[in-house]
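Chains as they are written, first to last, in the working numbering: chain S, 1 to 137; chain V, 138 to 321.
Where hints are given, some of them may not hold.
[Unchecked claim] Here are the simulated DSSO-like pairs of lysine-lysine, each with C-alpha atoms no more than 30 Å apart in a straight line:
hint, chain 1, residue 1, chain 2, residue 2
1, S, 2, V, 167
2, S, 134, V, 188
3, S, 5, V, 167
4, S, 63, S, 5
5, V, 188, V, 167
6, S, 58, S, 2
7, S, 58, V, 167
8, V, 260, V, 231
[As the list claims (entries may be wrong)] Okay, the calculated bits of chain S under chain V, using three or more residues with CB under 8 Å as the criterion:
hint, region
9, 1 to 13
10, 24 to 33
11, 122 to 134
[Unchecked claim] These stretches of chain S come out as covered by chain V in the derived footprint (C-beta under 8 Å, 3 or more residues):
hint, region
12, 68 to 82
13, 98 to 109
I should point out that these hints are in silico values taken from the structure, not numbers from a laboratory. Don't be surprised by glycine CBs; every beta carbon is placed ideally from N, CA and C.
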Amino acid sequence: MKFFKYLVAGTIFGIVMAQSEALSWYRIQEMFRFQSFHMYGIIGTAVCLGVLGVFLIKKFQLKDIQGNPIEFAPKEPQMIKSLLGGTIFGLGWALSGACPGPIVVNIGYGISSMSIVLLFAVFGTYCYGILRDKLPH
Amino acid sequence: MMDFLLNPWPWWFSGAMISVIMFALIFFGKSFGFSSNLRTICAMTFGRNVKFFDFDWRENTWNLTFLVGAAIGGFISYAFMHGGEAIDLSEATKLDLAALGFAAPTDLQPSEVFSWEAVLTLKGFLVLAVGGFLVGFGTRYAGGCTSGHAISGLSNLQLPSLVAVIGFFIGGLLMTHLIFPYIY
Numbered sequence: 001m002k003f004f005k006y007l008v009a010g011t012i013f014g015i016v017m018a019q020s021e022a023l024s025w026y027r028i029q030e031m032f033r034f035q036s037f038h039m040y041g042i043i044g045t046a047v048c049l050g051v052l053g054v055f056l057i058k059k060f061q062l063k064d065i066q067g068n069p070i071e072f073a074p075k076e077p078q079m080i081k082s083l084l085g086g087t088i089f090g091l092g093w094a095l096s097g098a099c100p101g102p103i104v105v106n107i108g109y110g111i112s113s114m115s116i117v118l119l120f121a122v123f124g125t126y127c128y129g130i131l132r133d134k135l136p137h
Numbered sequence: 138m139m140d141f142l143l144n145p146w147p148w149w150f151s152g153a154m155i156s157v158i159m160f161a162l163i164f165f166g167k168s169f170g171f172s173s174n175l176r177t178i179c180a181m182t183f184g185r186n187v188k189f190f191d192f193d194w195r196e197n198t199w200n201l202t203f204l205v206g207a208a209i210g211g212f213i214s215y216a217f218m219h220g221g222e223a224i225d226l227s228e229a230t231k232l233d234l235a236a237l238g239f240a241a242p243t244d245l246q247p248s249e250v251f252s253w254e255a256v257l258t259l260k261g262f263l264v265l266a267v268g269g270f271l272v273g274f275g276t277r278y279a280g281g282c283t284s285g286h287a288i289s290g291l292s293n294l295q296l297p298s299l300v301a302v303i304g305f306f307i308g309g310l311l312m313t314h315l316i317f318p319y320i321y
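All chains, please: the whole structure from these sequences, using the hints.
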């Protein structure tokens, strides 16, 4: 089954989010109040190792498991949408206490009311899709 | 070893595990970005007649599988790795939250926000509904969430990702420090 490895990767991701307590509304509050290093340590470690690994992949032109060269798609360069969209996302992140990954992990963790957050997150993405041409980018 | 895994994980191990997951997906020929799934779900369901969702969602089946795994991982942690002890929150945060009317933490999530008793009030419902809406709208507008921008994008030194992460913090700080006192 070709999707099994993604199921395993996702399962490990869910365990990491839960065991690190990154799925906790409390930890997000602590982060936005600058009262603990915990969340900064998690994201900072991931980014530092990420920068190193991406650098090495590019330097040695590594290939993926199918033998294709690994390429990194650049992000869309518009700054207005990154800033405005990012700010809207941040408002929601602090209000609900979860970003998209942890929303789903929370549901598995037994926080059933998080399914309301997921439902409205899908609806929010749908509204962006409708309004896309009318928004500054 | 088992004690280490069954207790809450330290930041350095958690962060390292996230980059392991990111590189696993890269070596599988994919990329680490969770919120694309929200767009895929729209494309699968009621969004098909909107141009932005008019694509073959089956090409993202791998990421939906990852999403299902994330929920399973949450369940495994809760069922088999959960110590049941209160979160070790900083004292300063406990004091700030007490001033907003929150009880001392007894679990990973506050019952004031996520218990059905709270959610079935107008305010409690709106907090989760508006919060979710802003997350879903903002992430697609910004072109990524914490995984796509803060982890994958910054790892590839993408300037738009840095701008998006600055936006995440502008929004989060506004909500926490200016708007929370009106909500709680």
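List of violated hint numbers, smallest to largest:
none
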